[in-house]
Amino acid sequence: MAGVKHSLAVDLGGLHLPLPVVAAAGCFGTGRELAGLTDLRTLGGVVTRSLTYQPSKGALTPRVAESPSGIVTAVGAQNPGVRDFLAEDLPKLRRTGLPVIASVAGSSLEEYVRVASALQSEPGIVALEVYLGTRDEQHGGIPFASRRELMVDVVGAVSRLSSFPVFAKLSAVVPDLEETARACVHAGAHGLTLIDAVPAMAVDASRLRPRLGATLGGLSGPAIRPIALAAVFRVAQVLPGVPIMGVGGVSTGEDAVEFLLAGASAVQVGTALLVNPAAPEEITRGILAYLKDKGVASPGDLRGRLRTGGEGPEA
Amino acid sequence: MKRVRAEILNVRKLGAYHSLTLVAPEIAERARPGQFVSVAMPVERSTVLRRHFSIHQASRRGGWAGTLEFVFDPKGQGTAWLADTKAHQFVDAIGPLGKSFAYPQRLSNCLLVSEGHGTAPIYFLAQELRARGKRVDMLIGGDSESRVFKPIEGKRLSQTVTIVTADGSIGEQGSIADALSSVVEATGAQVLYAAGPRRMLRSVAEFCTERQIPAQVAVEEQMACGLGLCYTCVVPVIRKDGSGFDNLRACTEGPVFNPARIFWERWMSEPRAVATPPEGFPVVRAWPG
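Sequence lines, in order, name chains A and B.
In terms of our numbering, the first sequence opens at residue 1 and continues consecutively.
In terms of our numbering, the second sequence opens at residue 1 and continues consecutively.
I should point out that these hints are in silico values taken from the structure, not numbers from a laboratory.
As the structure is a computational prediction, the values presented were derived from the model and not from experiment.
If a hint is listed, it holds; no wrong ones were tucked in.
DSS-like mimics (lysine-lysine), calculated; alpha carbons at most 30 Å apart, straight line: (1) K57/A to K240/B; (2) K13/B to K155/B; (3) K240/B to K92/A; (4) K99/B to K57/A; (5) K294/A to K5/A; (6) K92/A to K99/B; (7) K99/B to K155/B; (8) K240/B to K99/B; (9) K13/B to K75/B; (10) K75/B to K155/B; (11) K86/B to K13/B; (12) K99/B to K2/B; (13) K134/B to K150/B; (14) K2/B to K92/A; (15) K240/B to K134/B.
With the sequences and hints as input, model every part of the structure.
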């Protein structure tokens with residue numbers, strides 16, 4: 001449409017990102033790995049690998065098993081610990097010029113608090129994302145994601161101390177997703193990242209063994225995109241003012257647009273980045289082409305444009 | 001490292017394996033033995049991950065200049081698709097990836113040990129060692145004759161070749177571990193290189209540690225990205241000072257490692273030996289010793 005000036009910048013409730021495509025947690029490295037393979041400036045930001053307070057060796061190998069249109073992984077949050085991250089990885093990430101969203105992990109409420117505290121006022125970081133895919137060792141090792149009060153306590157404690165906006169990354173299979181999302185926001189979360197990898201397993205029948213060293217893992221990739229879309233849509237319906245980053249199997253511009261229409265303000269790219277280093281560039285180009293085609297000025301204007309309820313087959 | 005749209009020059013069956021040659025001068029020019037190349041699956045397939053292959057040949061000169069060859073066992077969905085590709089098709093390839101084998105400076109007699117399609121990168125290494133005036137001997141293994149990769153080429157590239165198979169269909173019947181000691185004595189090997197399955201690499205590692213022979217091994221580990229992003233392909237490697245171990249990425253910090261520094265018990269997931277012992281690990285001197 002003539003006269004429409006297209007901008008790809010997105011506003012997540014006051015957190016401004018230059019582009020709508022963000023690298024998902026644990027899929028980017030420090031920027032050096034992709035040097036020469038893609039233009040990093042085609043990303044709107046990067047989520048770090050999930051950080052614990054002490055260094056973590058992560059899970060035993062194998063850590064990945066392929067599954068139809070997806071991968072089942074269990075890395076076990078291998079990371080250098082938040083202090084070594086600040087000393088060694090953050091300076092490299094800063095050099096990319098990309099907004100950094102630090103992923104906060106822990107195996108107790110105290111650990112989340114210590115990690116989030118260590119990250120405060122670090123230049124380059126623009127937001128925190130609370131990863132809840134770990135187990136709470138203070139409550140007998142049950143997964144944080146299995147009890148709403150455990151998740152809300154962590155998200156609330158991190159939000160209260162953080163000067164950065166905090167995004168709670170939720171699984172699609174938490175008890176009553178809409179209520180959990182609402183409770184996280186009431187506890188202080190600025191926004192939500194939807195969804196975390198779907199709990200999954202892969203079995204090698206010939207060897208009578210699980211395919212992953214950790215036995216259980218999480219499914220990601222195109223296989224979970226419909227699940228992620230539903231989660232984004234459901235939460236956006238009940239929390240229309242809360243910024244959502246949609247994540248789960250986005251590999252093309254069209255995939256990203258689906259998330260924006262369902263109610264996300266930005267998308268994260270994980271598995272696609274592992275397979276195609278140019279994915280962010282291709283997705284961003286695809287979003288722009290869609291905006292031009294529909295005469296829409298910016299990705300933010302797509303939010304809530306999904307027409308539900310039977311009428312009018314064509315746009 | 002470069003990402004290219006590479007034309008397939010040919011695909012052929014070699015015993016139980018397949019060999020695929022790409023026209024990829026940007027990768028071939030830089031490739032060194034031990035490094036690997038990653039190939040993307042077509043987007044319409046449900047196999048999402050790239051596949052990673054050790055480089056068997058990278059020709060910089062002559063009629064094959066700019067070509068790159070790798071060898072694979074078409075037993076999975078991705079490799080079965082590759083085995084069915086045809087000349088002149090194009091694939092998305094990234095390479096060369098990973099760290100290559102180091103060459104010894106003073107020591108001269110090199111024994112190259114391999115099993116299955118692990119033999120493919122070993123031939124590339126043999127050429128480079130011979131070009132540096134080293135003596136090369138080989139010990140090649142496989143389950144049966146069809147899984148002993150190009151034994152004739154092995155003979156051309158080395159002083160002596162010893163072949164062992166599990167069923168005795170070619171060479172001696174037995175395993176690499178059985179033959180290692182006598183081959184090392186017969187050839188006067190001063191340095192060992194190995195590529196192949198984990199169990200075989202471990203027998204080489206134990207032998208070399210006991211005899212104090214410097215060695216390097218190229219590991220085969222399941223990789224998701226091959227680029228250092230995902231930390232799925234890690235190998236537990238003991239720190240230089242023995243104070244502990246770190247899970248290093250086979251794709252970027254390997255796939256070539258000093259086998260004396262691999263924490264084998266953990267890598268083989270032996271349940272009672274997954275943590276650093278309280279007294280630390282024995283300190284390993286630097287390669288090539």
